[in-house]
Each structure stands twice: as structure tokens, then as C-alpha cells.
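Novice: Listed here are the chains, written in short residue letters.
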Amino acid sequence: MKQTSPRLLSLGCFLLFVFMYAPLLVVIVYSFTPTEYGVSWEGFTLKWYQAVLENKNIQAALKVSLMVAIPSVLISTAIGTITAFTLYRYNFFGRALYQGILYIPLIMPDLVIGVSLLLFYTFLKLELGVFTILLAHISFSIPLTTLVIIARMQRIDRSLEDAAMDLGADEWTTMRKVTLPLLKPGILAAALLTFPWSFNDFVITFFVSGVGSSTLPIRVFSMIRLGVSPVINALGTLIVVVPLILVVIGLLLERRRV
Amino acid sequence: MTKQDASVELIHVVKRYDDVVAVNDLSLIIGEGEFFSLLGPSGCGKTTTLRLIGGLETPDSGDIFISEEKVNDRPPYERSSNIVFQNYALFPHMTVKDNIAFGLRLKSRRTPEPEVEKMVAEALELVHLGDFGARRPDQLSGGQQQRVALARALILRPRVLLLDEPLGALDRKLRKTMQIELRRIQQEVDITFVYVTHDQEEAMSMSDRVAVMRNGNFEQIGSPQEIFESPRTRFTADFMGASNIYSGRVTAVVGAAVDRAPAGTAQIDTESGIAVISHNNRELSSGAATSFSIRPETVQIFPRNWEWQADNKFDGKIIGKLYLGDVTELEVNLAEKDSIVCRVGSRIDQDFGFKEGDPVSIGWNAEDCNLLSD
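Taken in order, these protein sequences are the chains called A and B.
FYI, in the working numbering the residues of the first sequence are 1 to 258.
FYI, in the working numbering the residues of the second sequence are 1001 to 1374.
Check before you lean on any hint, since a few could be wrong.
[To be verified] So, partial list: chain A residues that the calculated Cβ filter (under 8 Å) puts toward chain B:
no., residue
1, P23
2, A163
3, M165
4, D166
5, A169
6, D170
7, M175
8, V178
9, P185
10, E254
Hints listed in this document are in silico derivations from the structure and should not be mistaken for laboratory results.
Quantities reported herein were computed from a predicted structural model and do not represent experimental measurements.
Every residue, glycine too, gets a C-beta built ideally from N, C-alpha and C.
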């Protein structure tokens, strides 16, 4: 092998990242430029950020988004923990089937999930609104939280729980003092990964949100229909950067060793 | 052993995993304060037996008693036994001190904190880890982790301590040290130890009694000396390192066939066609098929022209030589198909200057033939 190939590879790698991140960079740059519809750089401003913060509609949408994202993260992480524990630890009739179908929603198109949830909630005569959005978000988050927590669980040495029981801890105490503390990084990672999932979701939320309860992505969508304003660039920058930080923290926590 | 001083008792214990019988109808009494080893190759059921006593497995049938109390249906946390796990199973999210104090601090024991402090300090002292309380398990070496695991189990003063190949992951030198340590600690705390290992030297150096296991059964139970010197079966002989095992048929019997000196002797013609004189402590009669083992260190070897005496003496050529440090193993052909391994001190080997191809005479006495059943 000649020494030139790593150089070629690193160039390719660089171009790939330009391809991936240049569009984002454009949005971020434009969010600081003062011209309304301009696509040229004409100095630095934070006024669009100020506009974002002062926009009542955006505030309301952000409130709805958080009202959905926070409980859905908490509930789906809790359910994910219990599901992971049950599927991994206990052998019962139908376990293989449950394990198999658990992850299907992860590869199912959002459109299909959205339509089916809409039909289902209508069938149940639920009023579309924050509550149905929350239900939808919990249901599509559970496969992810379970997946992340099972991955963590597989790395916990089973003999640690045996040891705890042998030393006198009953099942519940063992869970509380040994299993859960060791699962903690996985549980945190699951929560931090599902938060942006819930916060950013557009397609599924679009179907189940009904009238008057818009989450932030839906609000942005309706704003765009009136034309792309730098306000959206600023908002977009915030939406990209904040969850990105959360995801990075989540991944770091997950990779931390047992 | 009387039943009164039984520490652990197994009565017809059976454990199956699906179709595999891991433990097959085991009955055993382990005495109070005894150092008892379960010895066997992997998959022989020794760890399962240990886990059955500890309560991490429940028997399919049969009864288990600890200190005269039937514990079949007791979960591990209600048994007066503790386990030292093969991989130590130290809690990675706790310090050494919290690991050791884990059992004491549980609600079921409610040990007051000053008492916990005192007992942990004592336990650390017992395993020579006085200053390590504040460390985390991953900051300790394998040998130190091993000691923490031991302290964590011993601090609860169990009736029985169950050790599952605790020295398996340590290097040879550390293992030797820990063997002596374990024996010292066992005598100091005076608790019954049940020790699982696949290493026959380890079992012999520490145990009061050893049970050799095979396919979920006890092959032989006895003192280390009994098992080493008089293995009863081919499997035990082989497992204890008696590399010379022969099959044959009894062709003549002389004298009383009883197990006391002077015992009668039997002449056995081996399948490979040599005639061997063996002592006959099995009341074998003429025509019986049998097999026997000869420990390599009881086989004598001299140059061909040497003058010496033995009940069994054969001429042969050295066909293999293995230097093992303190001893050297020489393989000598006995007949066309058979050979015998003798082990001599390396110093003796060097004095004689044995080489491959040298003509030698080898021999052993009738009482060094150990009769086996299959």
C-alpha cells in the first residue's frame, strides 16, 4: 500500500462532511445576517433570535412541544426499562414474538404510523390534542428506549445479581441496589436520545395534533408556507444545536463503561 | 462421619437443564469445618452442585440440608451460605468497603453503622487489604479483587462458604500464595469450605476431602492422598495425572486377596502382551478382565546393564523425553504398542545422561500397580 491512499481517504472524508453539514452551516450563517430575504452576508445581527424569543406563537408551540416531550421521555423511558428487564430476564410464552415485533415501529414509515394512530384515536373517540400527541410520542419512543436499555443490560454481568441475592438481598433490593444503578447510564442515554425524537417529530405529530395544538416543528412548517424568514433560520439553529448537544451527551454516557 | 456434625448434606439430588442431566442423584455429607473440594473437568456438574447448595439453582428432586435444616425451597438470601464467584462479581459501582458491607447493611440484618465499620475493618485485615477500603474494584489487581470477594462473603459468618474456582483467573505464583492464604483463613474462621476446581493440584493442596466428579456423578470421594495414590476408576486415575493405564486379564492369583499387607498378588496379562505382577486388593480371580494404573513417579528407570530388583522389570528404549523443570518425564516403549512414562528428578536424569534411543530397563513393584474399575 502506498502512503498516498490515507490522504485520498481523508479528502473524501472531508468532502463527505461538507456534503452533510454545509446546508446546516448555511442556515446557521443566515440566522446571523440582517437582510430579510437576502442570500448574501451583510453583517452580524442577533435580531432574528430576539424575534424568535418574542414570538408568541413560537412560545406557545415550544410550550406544547415541551409538554409533550418531557412526559413522553419520562414515561417511555420507564416503560422501556421495565420492558427491557422483562424481555431480557424472564422466559415466558411469546417472548420471542414480542422481541421480534418490538422494533418494527423503528423501521416503519412515519406516514403509516401517523395514519394508523389517527385512525386508532378516532376509533377510540379521543379528542385530538396535546394528549393524543403525547400518547403517539410515547408509543413511538418505547422501541428506542427498550433497545438502548437492553443493549446496556446485556453488558451487566448476571453473576452480580446472583451475588447480591447470595449476600442476602431479595429480588426487589437486588433490583434497587445493583441492577438499576448499573443500568443508569443506559436509562439516561435512552432518555437523552428520545427527547429529540419527540421534540423534532413532525410527520406523526402532524396527523394526531388536531387543531390548535401545534408543536414547534408544526409551527415552523406553517410559518414556512408564508415564506422562509430569517426568524426560521434562527429557530432552526436553536432546534438543531440544542438536541445535538443532548444526543452527544447521551452517546457519551452510553459508551461509558460498566 | 456422623450426621450430627454434618454441615452440608445432599440426598439424591438431581438437577436437569432441559434434556441435560447436570447433577445426577448425588448424595453427600460434608462435615462441620471441613475443607471439601469438588474436582472435575468442565461440564461435570461441580459448579451446578455448588449453586444448588447456595440456592441459585433449585433441585428437580432430592433434598439439600445446611446445618440440619432443609433448604430446598429457601431462596439464596435466606440461606446461611455465601458464594465466592469465579469472576468475583464485585459490584463495580461501589467501593471496596461498600462491597464488603453490602450484606451487613441490608434491611434484613440491620447492622448499626459503627458495627459495620468495625467488621469491615476486621474483614479487610483478615484478607490483608487494610488500606484498600476506599478504592473501586476496577482499581484492584485480580488477586486483590479475589480477596475482596472473600471478605465480602466471610463477613456474614456463613455456615458454609462456597467457592467457585476462585483462583482460576490468577497467575501460577499468585495462585500458590492464595492457596496457602485460603487454607489459613479457613482454619482461622473455622467455617466449612466447599471448593470447586478443575485443578487437581489445587484440590490436593488445600482439601481435607476431595470428590472427583464426572457427568454429574461422584466418581470417588476421599482424602487427597487416597484419591491420588489409589484412584478407583480409570477416569479418576487419568484425571489425577496417572498417565500409565493398562487393560488386561488376570491369568494367575497368588495368596490372600485382601486389602492388607501382605496382600496376595495377581498376574495380569495386558492387551499389549506383557505380564505384570500386581497386588490384588480387589479379590480378582483368574480370568477376570481388569485395568490398572501406575503413577509415573513410582516407575524406576536405569541403564540396561544396571543391577537392581523390582517385581516387574522390563527392557525398553527411551522414545520420548520431556523436561519439566524440577522433574523430567521419560517415555519408554514396553511392548510393540505400549509405552510407559516414568518421572524422575531432573538431577537424576542428568546424572544418568538419558537420551532418546538409549536402551534402559524400567520397573515397578507389585504394590505400585493400582487396580481400577471402569
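Novice: Now look at each hint and say whether the structure bears it out.
Specialist: Tested hints:
{"no.": "1", "hint": "P23", "result": "violated, 43 Å"}
{"no.": "2", "hint": "A163", "result": "holds, 4 Å"}
{"no.": "3", "hint": "M165", "result": "holds, 5 Å"}
{"no.": "4", "hint": "D166", "result": "holds, 5 Å"}
{"no.": "5", "hint": "A169", "result": "holds, 6 Å"}
{"no.": "6", "hint": "D170", "result": "holds, 5 Å"}
{"no.": "7", "hint": "M175", "result": "violated, 13 Å"}
{"no.": "8", "hint": "V178", "result": "holds, 6 Å"}
{"no.": "9", "hint": "P185", "result": "violated, 10 Å"}
{"no.": "10", "hint": "E254", "result": "violated, 16 Å"}
When held up to the earlier numbered hints, the structure conflicts with 1, 7, 9 and 10 and fits the remainder.
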